[in-house]
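Work the whole structure out from these sequences, hints included.
Letter by letter, the chains look like this.
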Amino acid sequence: MTTLSQSPLLECREIGKRFGGEVALEGVDFTLLPGEVHGLVGSNGAGKSTLMKILAGALPEHAGTVCLDGRPIDLSSPQSALRHGIAMVYQELSGIGQLSVAENLFLGRQPTTRFGRIDWWAMRKRASEQLAELEIEVDVERRLASYPLVIRQMVEIARGLHSGARVLILDEPTSALSPPETRRLFELIRRMRERGVAVIFISHFIEDVLAICDRVTILRGGRCVDTRDTKEVDKHFVIHAMLGHALDTREVGYETGASLPVRSAAPPLLSAAGLSLPRAFEAIDLAVAAGECVGIYGFVGSGHQELVHCLAGALRPATGQITVEGQSLVLGSTHVAVQRGVALVASDRGQTLVHDAEIYKNVTLAHLKQSVGNWLARGRETAIATQLLERVGCRPVAPLLRVRNLSGGNQQKVVLAKWLLAPVRVLLLDEPTRGMDVGAKEEIMKLVAEQKRAGAAVVLASSEPEVVLAHADRILVMSRGRVTREFAGVTVDKTMLMRFA
Amino acid sequence: ARQSGATGGDRKPLRAAFSNAGLQSTWCKLGKDTAELWGKLLGVEVVWFDGEFDPQKQRNKIDLIVDDDWDFCCFQAVQTDSLEEPVRQLKKRNIPVMSLDTLLVAPERMREVGVWCEIMPDQVFMGATSTRELMRRINGRGKVIHIGGLSAHSGAQGRRKGFETVVAEFPDVEVVGGGVRWCDWKKQTARDTFDTLLDQTREPIAGAFFHSDDMAIACLPALAGTPHERMFITAVDGQKEGLTAVREGKLAATTVNPVCLIHMTALVLGQFIVRNQEPVDIVPLQIVTPGPLVSLETGNLDAMSYLADPRHCLV
Amino acid sequence: MAVPPSQNRSLARRLFGRWEASDVAPLVSLAVLVVFFALVAPGFLKPATVVQVLKQGSVLAIVSVGLTFVLLCAEIDLAVGMLALWTACLCGFLFQRPFAAGPSGAGAAPAWAVVVAIAVPLATSLLLGLTSGLLTVWSRLPSFIISLAMMNIADGMSRWLTKSENLNVPSILKTIGNRGIEITNRFELSYSALLAAAVFIVGHVVLQHTRFGRYVYMTGGNREAARLAGVRTGRIVVACLAISAVTAGLGGLVNAGRLNSVSLDQNADLLLSAVACVVLGGTSLFGGSGGMGRTAVGVITFSVLKVGLNQIAWIDDLARPLLMGLVLMVALVVNGLLSKNK
Amino acid sequence: MAVPPSQNRSLARRLFGRWEASDVAPLVSLAVLVVFFALVAPGFLKPATVVQVLKQGSVLAIVSVGLTFVLLCAEIDLAVGMLALWTACLCGFLFQRPFAAGPSGAGAAPAWAVVVAIAVPLATSLLLGLTSGLLTVWSRLPSFIISLAMMNIADGMSRWLTKSENLNVPSILKTIGNRGIEITNRFELSYSALLAAAVFIVGHVVLQHTRFGRYVYMTGGNREAARLAGVRTGRIVVACLAISAVTAGLGGLVNAGRLNSVSLDQNADLLLSAVACVVLGGTSLFGGSGGMGRTAVGVITFSVLKVGLNQIAWIDDLARPLLMGLVLMVALVVNGLLSKNK
Ligand SMILES: Nc1ncnc2c1ncn2[C@@H]1O[C@H](COP(=O)(O)OP(=O)(O)OP(=O)(O)O)[C@@H](O)[C@H]1O
Ligand SMILES: Nc1ncnc2c1ncn2[C@@H]1O[C@H](COP(=O)(O)OP(=O)(O)OP(=O)(O)O)[C@@H](O)[C@H]1O
Ligand SMILES: [Mg+2]
Ligand SMILES: [Mg+2]
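Protein chains in written order, with my numbering: chain A, 97 to 597; chain B, 965 to 1279; chain C, 337 to 678; chain D, 337 to 678.
If you're looking for bench data, these hints aren't it; they were derived computationally from the structure. Check the hints yourself; a few may be wrong.
Said to hold, decoys possible - Calculated pairs, EDC-like style, for lysine to aspartate or glutamate (alpha carbon to alpha carbon, straight line, at most 20 Å):
no., chain 1, residue 1, chain 2, residue 2
1, D, Lys499, C, Asp652
2, C, Lys382, B, Asp1245
3, D, Lys499, C, Asp653
4, B, Lys1055, B, Asp1245
Structure, rendered in structure tokens:
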């Protein structure tokens, strides 16, 4: 459909960006044709978001020029970008929870009447229409915060789709969506394409990119490696280009299913009975043996994440009981859980790390007493931290560095490291690798495997079938807060999992 | 709602509303004790409303009581003029209002607004007397410190005036720190300022004048171990603490600020006006209650201590 | 996160639009308070009380309107009290210049002089507000700190300007502060209350029905998101601090009028009262949620509390502040708990 | 946010360990202030000034230590001033009971009575602190609100207890507040300063070398993360508010001792001064960053400011508060800017 003969709608020349010392982008050229869907891939920190933020005017100071219809434009602020018809759906949620869903669809451009009064009526009407188009059933007058993640993500996408932009940027929009929503999103993207809107689509799910996009651009280390028609390339090619080297991960090609071992007869180390949390999940029973990894698969919002948080004491379930090695835990008490060697690795590092504190403080936080004792001395602490950081392969090994200056993957390694100061009996993982590139995922899951071998009971909750299939010995599928199916000792694949989700 | 708890013999008990600047200050506290003590003796039930040193709070409270039945009212306004409205309404219901210490309204408007009489000490006199005594002690030469109250209070301004007029007569007297230092009647502010001023010079400072005994007493300990230990300190108020300090020789002298007399006079006057149906025109516009100088030499120390005793409330 | 069960939700809907528990809580504690005083303070339930509540609340109300703007965009303005003082002081100062009523403050001032004596002080407080705002945005320090310093500055300016004299103010202010419209011979609607109501309505319209108002909510709700949506959040913050400065100034003028003149001991605890009001109304200190309606409820609650306590004749006057504190604590905590369990 | 260029970072490292711009800023503005006063206030640079700074700073210092704990765990305690007042009042009240010095406060009190008169008030302030803490954690309201109410309560209790009498306090307090160790005849190290130093050192050790201290930082840095790591953040918050209540009480006692007696006019502006001190030191209002060292610098800066201003003889006394405000504003903004550009 698109041919290079067309004159580009948007053209970036020699884009460069540095943060403090370190270079995020360097000499990036990027062209966008009218009415194309353009994929943008690259490992974490490749510079995808940075490049897009520049286009959206969110990062004023940068090198290089951006031309729209051949004319250079100024992108010194979000509003100027919006004026030029460039809209972006950001990687991080950027809704405003306290405001109504309707208003969140019109942030910054609330409709007004002739007299400049806010036209609430029109806002509500158009909002419900737009959400209906995405098949989302919500009360648009309720606060956004009162809805689950999926809805919030969809609301933001809807805002982008209806911003009337000529260039629409979607930065990892599907990382928080479940397949059905993803499908709907893709339909809409295609419809936008018909309307002649140019869409830039960022994702770590290469299949999706290849499926929806006309062309794909690959970034590596802040430089543009290649731009191809998607018809010419396949997944392995893209991954190779992304990482600069081929990758023999079990995850590549999980279209051919995984064969699970038969369920181990060993007595359960972690067991939960009759757990239920209103509006999340109901009557969940679970038993995990030492050295076993139970995968819990479900769409976003199917309750598997809440379940894991309940097991860790981060949430207090309404009913049920949890026992570790025969002793029952106090529900909703992280303190007790931690004492019993229950470790939680959540998807959101903002929830598990103190970003402004030095790395070593984060590492020793969970087991200060065992590791450092009653008198804290920096020397001893940093020594301990250094060992751990080396053990988990965190780069750089600099205990005095602040966590915020670490990369996503390395931050996740710190999260793991902080549990290794005491024997880990139960390792709870909630989307441990969300938003990470395949390389980073590998390293994290290696560490998990170590713990498993060392005899920890592992629970791995994820909405990415590949992850579950790759690492679980036994798989529970959750849907709408209930376990709909358990797979053990059989061969399963993506489609089977999704059928029950 | 008039209950007679008063020991008034056959006289029918009266009911009076009192309000003052703020009970935080001991001066006002003494006034309250006085009014209540003498109220009992004269068969007047005294109901108290604390101004809390906030004109708005005082106004809020007074606004609420103008419709209640009072025989007479005595107010010490936190701020001149701030009570004009309620007083006018009291006048409508022809309830006599007496003004204590601080002018309720400017003298020329008093009767028109409904203030019968203003009972006040002579601030300038008090300032001047204590200062003159100070000058006498230091033989009219040397450095002196002048610690003021709250610059916004007419009382403090009066005492300043008294001090400055007297000091003007003594060319050899230098005021340390460039004149009066306003300390808002706050002991702590006074102490901090005093400490700092003491450090200004190594050569002995001859004396200090404080606008209140409280501030002076809070500053006494600062002298120990400084070259100024033999400094003479005079102040104003002459109530229990002050007199004790004079007796112990810590204060060279203090001039009595006749708080008890003021409140007692107001009370007595009020019940005369009501009980004898006195017409307004025979009541004087202003009554200035005298306050003597008290030091170890004036010989009135014992008498004053007796009168100032909270059980008597007579100065 | 939590979705309340649909049926009682729809009930709530039918009852009062899109209100939530957090919207009702303040009303509940107001009601409780009224009942309480009706029981302990004989004669609390009479029109005169309403008159008093309106009178005594109006200054607080005017100031709270501005403060609401500031809290909604997740900032705070500790300077309101002293800005009110400063504005009043400057007004008195100008009013006693020769061109106006003259040094005694007794002379008859020409209309234009009165206008000057009122407009100029308001302008200066606007200026001071802008200053705090710009400094906050520029230095990226929390407004808590900047306004703390601004408070000291305004206080200092007042002392220095007035030389702590007691200054007279234009009679129009006195009228606004003290007179009102006789509805019945027992019920007078004070001008100050009317002014406060007007300010409230303007504030409400601005917040709910103009883009600026919505931007205030956005900025308070999630500043980065607002910025990315094309809102110049810096300007919003500056504007809010400026607004609160002006309303503070207006409140100061009305207060001075009510007290017939201005002196340095006015408005000392205006700040804390105003904060208490806004918070009692249930506006969040962290921005993004709340509004004028709530603040109105808060102000009324607070005034009822003050008036009611002063009406209880049988308690020792010295015990009132304590009682005030206790009731305040209870009311705030109850509010908090009620609005939490959604 | 961003990582400073590695070379100057490593330079900074070499110069002063793990210090950063934000650590140096407060020292800079202190230095500037000292130079400023050395120029405008003749005779500012002399040992006596140091003595004064230490003396006048000590009460503030003691209170600031506790406040630092509270700010570090991202809460605030508006009640410190009134808690200080309450503690002193109760102390005076007990001291004038028959079992101690008797109604006149003149009698000789047995040692145990003195101990009671000092320990009991501190215990009550501890209790009040715990109450604020528990209410904050339980009601999930910001401590700003709870402590606002607690401030009113403590104030009310003091008025109600003392009936606004001027109460005498144990002589040991007077000694601590007024005497000191003669180093040279020009230089006396006051006991209050020593006490403050002791409190500071304890505070520093607790923060830097105990698990509790670490938990305080982490709770302030990211409460959720701390909780998920097994820290009982609720208890930490309660503990911090309790600590600040106790230090406030201690400060109140020392202050009463210094002023020879306790009365209701004391500690009125202690809160704002203490906040200013902690913030001048550069401790964040949002928790997680700061420490005792910084607070110490802040207190010294603030005291230097007070003492210095009082020493300038040639300015109109009524202009001092204004100057105070302006200098404060400048110092704070400069601090902010210096520590921002990392
Ligand atoms: N907010 C930040 N401030 C300063 N430096 C940052 C920040 N975020 C990331 N960096 C630096 O950029 C580098 C890459 O970060 P990013 O998370 O994008 O990389 P990453 O590829 O995700 O790492 P990984 O692949 O292990 O997840 C990090 O090493 C970090 O030093
Ligand atoms: N605010 C920031 N401060 C410092 N460095 C940053 C900041 N934002 C991004 N970077 C760095 O810029 C580089 C590009 O980051 P960017 O977020 O664009 O990567 P990305 O491709 O979007 O990664 P991901 O796939 O994880 O989203 C990374 O090294 C990152 O660490
Ligand atoms: Mg990105
Ligand atoms: Mg990353």
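We went through each hint and held it up to the structure:
no.: 1; hint: Lys499/D x Asp652/C; result: holds, 10 Å
no.: 2; hint: Lys382/C x Asp1245/B; result: violated, 38 Å
no.: 3; hint: Lys499/D x Asp653/C; result: holds, 10 Å
no.: 4; hint: Lys1055/B x Asp1245/B; result: holds, 15 Å
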